[in-house]
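Asks: So the chains spell out like this:
Protein chains: 2
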Amino acid sequence: METINIGILGFGVVGAGVAKLLKTKKELLEARIGAQLNLKTIADIDTETDRGVDLGDTALVNDAMQVIDDPDIHIVVELIGGETVAKRFTLKALENGKHVVTANKALLAGHGNELVGTARQNQVDLAFEASCGGCMPIIKSLRESLVANDINAMSAILNVTCNYILTKISQDGSEFEDALKIAQELGFAEAEPSLDVDGHDTAHKLAILNSLAHGMEINLEDIHVEGIRNITPVDIEFAREFGYTIKLLAIGKVRENHVEARVHPTMIAKSNPLSYVDGSMNAIAIDADATGKTMLYGHGAGMMPTASAVLSDIADIARNLIANTTRRVPILGYPEDNIRKIPILPMSELHTRYYLRFEAQDHPGVLSRISGILGDNKISIKSVHQKGRQTNGKVPVVMITHMAKEEWVQTALAKISATDSVVGAPVVIRIEEDEQA
Amino acid sequence: METINIGILGFGVVGAGVAKLLKTKKELLEARIGAQLNLKTIADIDTETDRGVDLGDTALVNDAMQVIDDPDIHIVVELIGGETVAKRFTLKALENGKHVVTANKALLAGHGNELVGTARQNQVDLAFEASCGGCMPIIKSLRESLVANDINAMSAILNVTCNYILTKISQDGSEFEDALKIAQELGFAEAEPSLDVDGHDTAHKLAILNSLAHGMEINLEDIHVEGIRNITPVDIEFAREFGYTIKLLAIGKVRENHVEARVHPTMIAKSNPLSYVDGSMNAIAIDADATGKTMLYGHGAGMMPTASAVLSDIADIARNLIANTTRRVPILGYPEDNIRKIPILPMSELHTRYYLRFEAQDHPGVLSRISGILGDNKISIKSVHQKGRQTNGKVPVVMITHMAKEEWVQTALAKISATDSVVGAPVVIRIEEDEQA
Numbered sequence: 004m005e006t007i008n009i010g011i012l013g014f015g016v017v018g019a020g021v022a023k024l025l026k027t028k029k030e031l032l033e034a035r036i037g038a039q040l041n042l043k044t045i046a047d048i049d050t051e052t053d054r055g056v057d058l059g060d061t062a063l064v065n066d067a068m069q070v071i072d073d074p075d076i077h078i079v080v081e082l083i084g085g086e087t088v089a090k091r092f093t094l095k096a097l098e099n100g101k102h103v104v105t106a107n108k109a110l111l112a113g114h115g116n117e118l119v120g121t122a123r124q125n126q127v128d129l130a131f132e133a134s135c136g137g138c139m140p141i142i143k144s145l146r147e148s149l150v151a152n153d154i155n156a157m158s159a160i161l162n163v164t165c166n167y168i169l170t171k172i173s174q175d176g177s178e179f180e181d182a183l184k185i186a187q188e189l190g191f192a193e194a195e196p197s198l199d200v201d202g203h204d205t206a207h208k209l210a211i212l213n214s215l216a217h218g219m220e221i222n223l224e225d226i227h228v229e230g231i232r233n234i235t236p237v238d239i240e241f242a243r244e245f246g247y248t249i250k251l252l253a254i255g256k257v258r259e260n261h262v263e264a265r266v267h268p269t270m271i272a273k274s275n276p277l278s279y280v281d282g283s284m285n286a287i288a289i290d291a292d293a294t295g296k297t298m299l300y301g302h303g304a305g306m307m308p309t310a311s312a313v314l315s316d317i318a319d320i321a322r323n324l325i326a327n328t329t330r331r332v333p334i335l336g337y338p339e340d341n342i343r344k345i346p347i348l349p350m351s352e353l354h355t356r357y358y359l360r361f362e363a364q365d366h367p368g369v370l371s372r373i374s375g376i377l378g379d380n381k382i383s384i385k386s387v388h389q390k391g392r393q394t395n396g397k398v399p400v401v402m403i404t405h406m407a408k409e410e411w412v413q414t415a416l417a418k419i420s421a422t423d424s425v426v427g428a429p430v431v432i433r434i435e436e437d438e439q440a
Numbered sequence: 004m005e006t007i008n009i010g011i012l013g014f015g016v017v018g019a020g021v022a023k024l025l026k027t028k029k030e031l032l033e034a035r036i037g038a039q040l041n042l043k044t045i046a047d048i049d050t051e052t053d054r055g056v057d058l059g060d061t062a063l064v065n066d067a068m069q070v071i072d073d074p075d076i077h078i079v080v081e082l083i084g085g086e087t088v089a090k091r092f093t094l095k096a097l098e099n100g101k102h103v104v105t106a107n108k109a110l111l112a113g114h115g116n117e118l119v120g121t122a123r124q125n126q127v128d129l130a131f132e133a134s135c136g137g138c139m140p141i142i143k144s145l146r147e148s149l150v151a152n153d154i155n156a157m158s159a160i161l162n163v164t165c166n167y168i169l170t171k172i173s174q175d176g177s178e179f180e181d182a183l184k185i186a187q188e189l190g191f192a193e194a195e196p197s198l199d200v201d202g203h204d205t206a207h208k209l210a211i212l213n214s215l216a217h218g219m220e221i222n223l224e225d226i227h228v229e230g231i232r233n234i235t236p237v238d239i240e241f242a243r244e245f246g247y248t249i250k251l252l253a254i255g256k257v258r259e260n261h262v263e264a265r266v267h268p269t270m271i272a273k274s275n276p277l278s279y280v281d282g283s284m285n286a287i288a289i290d291a292d293a294t295g296k297t298m299l300y301g302h303g304a305g306m307m308p309t310a311s312a313v314l315s316d317i318a319d320i321a322r323n324l325i326a327n328t329t330r331r332v333p334i335l336g337y338p339e340d341n342i343r344k345i346p347i348l349p350m351s352e353l354h355t356r357y358y359l360r361f362e363a364q365d366h367p368g369v370l371s372r373i374s375g376i377l378g379d380n381k382i383s384i385k386s387v388h389q390k391g392r393q394t395n396g397k398v399p400v401v402m403i404t405h406m407a408k409e410e411w412v413q414t415a416l417a418k419i420s421a422t423d424s425v426v427g428a429p430v431v432i433r434i435e436e437d438e439q440a
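Chains as they are written, first to last, in the working numbering: chain A, 4 to 440; chain B, 4 to 440.
Rather than coming from a laboratory, the hints here were simulated on the basis of the structure.
Just to be clear, a hint being listed does not mean it is correct.
Identical copies look the same in the list; a pair holds intra-copy or inter-copy alike.
Claimed, not checked - With a straight-line Cα cutoff of 25 Å, these simulated DMTMM-like cross-link-like pairs (lysine to aspartate or glutamate) come out: (1) 29 to 340; (2) 273 to 436; (3) 29 to 181; (4) 408 to 352; (5) 273 to 240; (6) 381 to 98; (7) 397 to 57; (8) 381 to 51; (9) 273 to 175; (10) 381 to 33; (11) 26 to 153; (12) 296 to 281; (13) 344 to 244; (14) 43 to 423.
None of these values were measured; they are calculated from a predicted model.
Hey, can you work out the whole structure from these sequences and the hints?
Replies: In structure tokens, the structure reads:
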């Protein structure tokens, strides 16, 4: 039986998960793949800590080059994370003719085009199923299953930290900071949570998915990103009254010659299956022209779900090696020569519906003034909530708009904020809904 | 650019969908795959009817052998359906060294082991993503994405007709026959609906999925199958009161050295994501050891969703041909030598929970008599509903049991039916629930 040698860079949580699967599922993997997947070497700066994995004859070394320069190793699995060391090692491994499997979405979103070019020059594979959506087969679906589809729209819950926090606020009315603290205690949030709660991690994933869906170069910098720090129990409660749930969504949609690419808290109707995706679960809904609407749902993070996705990439490459082929499916779903630059729609050009909440002075005429400014800016209002929940002489005024242009909304809100009718910045949450709604 | 020639057998709804995709998505497919997918010939006994597809230089012939014997054709797509002609043509195509793509679950469930053997002898591929779950990438997920997982359990809604009818009964209290008639009018049910409503189509799919999940020979005949003809609005209403939804599920679970394989109406809790899968949608929930719970959701039938799945198989084989390889992923997920016979658990050995409804005589002592017989057979009752909904001196008595063995339940029900306390056969619906519930 053929032996395929694997080296892992980074023996953290996911690295330990991958090692554990390669060891404990040795027989299963051999029975399915028909080759031995031999974990030859793991490199990590910490070679002392016990990760609870019986390494057998696998070497644990502190020098990554012992993996990258090893002529016997076929597949290098990069699980260091970040964009500095990980980038250097990944490029070096590709240049050395190694196939690389990575779960590193920041690296791919920031430097993916360069990595894809290097992989091409060296005629090796670069695989990253674990970078988006944990164990969900989203990369494989976009590159292989949906091959005959034009992807019209994707909307996805891709960050466990944010979804856990929003679910918590929604279920018990916690404030953001308290929900974050609990998420940290339970291991659903990092001590330094900004990469997650400010939406950047979700944007990294959207940059990758948009590329695969539309055959476009990876473009992170033009994605509009908002996080969830300003989401309050009050807005979640109002959302519920209107029949909505608030989720941090990654949205990618085709709009004429552009792609909408945005990450922000979004109100979705209870009839949208994404509204039931709670806690640490992730999901992606895809609207494609042949399939119609489909959805994948699963654990978006965690040691073993992520390791499972890494193993699916390793198995794919192993099956290529056994078949004596490589780069069987193009890295970004299209051969590199067919990857285009597709512009991302400027946020000011977006048309959608809006939830607006103002802290209004409890004076006569205030509602008319707000709605007047909205009307002057072509924004028509579908419904208004003004309740007697007075606090310090202020009342919350909540409005749901019909379809409006982002630019009009921002202009109107600036004008409303400049009046003495409202206090503080208005809350703006975009609404995502089927066209007929 | 390389050209891959394709022939289609059967120009019905799905055949027309596949032809349409090959024609209208020609550029997209070339851009993604890097080869021309040329639809050379379509064979159907009806060469007259206009299917609304611009065939260009594709030949439409009435002799299947013009496809099967054509030395230029690389991939034969079998979309005839049924187990007679389709079987003969498929075997002949495999013997002629053609790769075969099929959507035919009846053929695979009934004769899959033989077809797999013939494909092996001739070193060709047999692909069938469209046979289960329409456009959902369930075959690819089991064969490739979950490669490092042991699959503990699958539960799935796999039949559009049944799910449409159950949703209809649930939403407006229709009787089965009326809901069926509407499903037929809307094209969600065949004029002769028994293959669907009696559960056989679902069983075909479960036989295929169990094989892929567990590396077992395809085994249709030992699957327990019940359909939905006896589901009444009354039971759906009681289910709702207990917090359940009724779905026709395909259930495949590992139980020690056996696999549970059963198709029957099932009560599932509202917390189960499958409970929201309504109308013509399908879904499969998979519980695997590394990934935990995941779910795929999408259109389970229909012209274009099914055609999309067929195209994903064609693209896979085309990518193999370009890479100068074949049979890169084993047909059943494991190389044929590693496929085992795994016995299906006899239904009498099943342990689950039960919903039981009796039409009881409205006499004193009847409840005690029923529950006494259940207790004598080791069945303990979790809750009882006995309402004053008297009709002709009968009252419905509804019970939910704790975990019990199917054999005990059937014995007890036979004894209860033999008393004069109840009228007619009791209604038995199994409950599927997380262990902690």
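Asks: Taking the hints in turn, state whether each one holds.
Replies: Hint by hint, here is what the structure shows:
Taking the closest pair of Cα atoms, residue 29 and residue 340 come within 25 Å of each other only across two copies (17 Å); inside a single copy the shortest separation is 38 Å, beyond that limit. In this assembly of identical chains, the alpha carbons of residue 273 and residue 436 lie at most 25 Å apart whether taken from the same copy (10 Å) or from different copies (24 Å). Taking the closest pair of Cα atoms, residue 29 and residue 181 never come within 25 Å of each other, the shortest separation being 43 Å inside a single copy and 54 Å across copies. Taking CA atoms no more than 25 Å apart as the test, residue 408 paired with residue 352 passes inside one copy only; the shortest distance there is 6 Å, against 62 Å between copies.
Proximity of residue 273 and residue 240 under a CA criterion of 25 Å is satisfied in both settings, with 14 Å inside one chain copy and 22 Å between copies. When the C-alpha separation of residue 381 and residue 98 is checked against a cutoff of 25 Å, the pair qualifies neither within a copy, at 56 Å, nor between copies, at 68 Å. Neither within a single protomer nor between protomers do residue 397 and residue 57 lie at most 25 Å apart by alpha-carbon distance, with minima of 62 Å and 65 Å respectively. In this homomeric assembly, residue 381 and residue 51 never come within 25 Å of each other (Cα to Cα): the closest approach is 64 Å inside a single copy and 55 Å across copies.
Within a single copy, residue 273 and residue 175 get their C-alpha atoms as close as 18 Å, and across copies as close as 20 Å, so both meet the 25 Å cut-off. In this assembly of identical chains, the alpha carbons of residue 381 and residue 33 never lie at most 25 Å apart, being 64 Å within a copy and 44 Å across copies at closest. For the homomeric pair residue 26 and residue 153, the shortest alpha-carbon distance between copies (14 Å) is at most 25 Å, but the shortest distance inside one copy (40 Å) is not. Taking the shortest Cα distances, residue 296 and residue 281 sit within 25 Å of each other both inside one copy (20 Å) and across copies (13 Å).
In this homomeric assembly, residue 344 and residue 244 never come within 25 Å of each other (Cα to Cα): the closest approach is 42 Å inside a single copy and 55 Å across copies. Within a single copy, residue 43 and residue 423 get their C-alpha atoms no closer than 69 Å, and across copies no closer than 72 Å, so neither meets the 25 Å cut-off.
Checked against the numbered hints above, the structure violates hints 3, 6, 7, 8, 10, 13 and 14; every other hint is satisfied.
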